[in-house]
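> Read off the chains here:
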Amino acid sequence: MPPAEVAAALAGRPARVDSAGVSSAELDFQAVYEQHFDFVWRSLRRLGVSRAAIDDVTQEVFIVVVRRLADYDGRASVRSWLFGITYRSFLGHVRRERRRGGHLPLPETLPCPEPGPFDQVRRAEAVRFVEAFLATLDADKRAVFILAELEQMTAPEISVALGVKLNTVYSRLRAGRAAFHQAVALEQRGES
Amino acid sequence: MNDTETRAEALLDAVRSAHDPTADDRDRVRVALGAALGPAASIGAGTALPEAAGSAAEVSIGVKAFSTKLIVGGSLIGAIGVGGGVVALTGAQPPAGNSSTVHAAQPVAVAVPAPKPEAVTGASHELSPIPDEPVVEPPEPQGAAVRATATASAIPSHSGLAEEIALLRRAQQALGKSQAERSLSLLDEMAERHPNGQMGEEAAAARVLALCGAERRAEARAQARRFLSAYPGSVLTQRVRSSCAFQQAPSKVQPGPTDSAVRGQLGGRLETDGTERKVGP
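Chains A and B, in that order, are what the protein sequence lines are. Start counting the first sequence at 1; every next residue gets the next number (the numbering used here). Start counting the second sequence at 1; every next residue gets the next number (the numbering used here).
Incorrect hints may appear among the rest.
Stated by the list, open to error - With beta-carbon atoms standing in for the labels, derived distance ranges: (1) B:A191 <-> A:F39: 29 to 35 Å; (2) B:R241 <-> A:A132: 26 to 32 Å; (3) B:T6 <-> A:N167: 26 to 32 Å.
These are calculated hints, taken from the structure and not from any lab test. Think of the CB as a built atom: it goes at the ideal place given N, C-alpha and C, for glycine as much as any other residue.
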């Protein structure tokens, strides 16, 4: 019997199937790692984890995933479940950094690209702009903005991922979007 | 859509495919995790959950080229790291040089034996604690992924998850030695140091059992109610439900006014707490 199914049986609950059709009975660590490593990494980078720390925080996330794999019951999408773990690991990382007397660096902007194709330069500028904007948001709004606007997850998925009410997701998203549009408007006027 | 909205969407569109890891990033973490989860890992079950007790509680973790599959026969709790005693993780340095070359870990089968008799001696069935946490320490920043960890004192204070696990282990060990107040003290320390930690669920369940051990039944009930509300789908639900919080007071003991009042206040809620369990949407 696959582990998640055993877990479900032991916990007295049926194995479930998430919105992507992944059954908790089918979930195994290898699959989670292969399919979602990029998502976890990307999310941590966007949340503001530096290049210097990201290996460690990513590893911490997947260690927790191993430990909690059997808890996954398919009621949320795998990505929602994973982001919950990722976000908590991120907050733990922030706390540890603060305890050490350090502070999280602002997201690192891409190095100034070599002269090259116009699209490459434009993309690098966009990344730099969005990273700088994300750094201005508090962690809660940043997480919602990343999931909604960059990962294009639905509000209910985000609600599950962050363990907050749907209305909270909407209100944080509204605030994040308003701030982003304001930043874009300033940039257009050459004031950023 | 006005200019600002168009520009905003263009910016987001350009960034959506950014921040992806490189193949080297993926392989580097893969190697570190392979070392953390595979080589020389030994998980010993200090105690098993009641459901697993008496069975051939055996958990195998097959690790082959980082294809970590949890092959479970008996107690799954051990496999997910809630069971087991200590994970000794040694060696297995990431390969030097070409980081894209992944050195496959040798297959490792880790057997978690049925609980040793002494592990439960002195602890009533009710108090048999949540099994020891395996100590898996997050790596040092420089990337040396894993090192052997056996005691709390060996764990650097900056290692949040490892420290949490160590504190929980000590709390459980104290409970196993009928030192319920000591266990509660350690859980308090854990809550204070890690208010939003990763082990909150396990700590909350352990607190119920510790309060039972301290014969603070009313508080155990309140704690159990909070636990069920916060973690409605927890694998530890059954363990909490089998604790003193859900048991009738011994019939030979006349319930005192406080106990009776508390039962009146909480008993009904414990039975009809469906709505309270809903946390968030």
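> State the violated hints by number, sorted upward, taking the hints as numbered earlier in the document.
2
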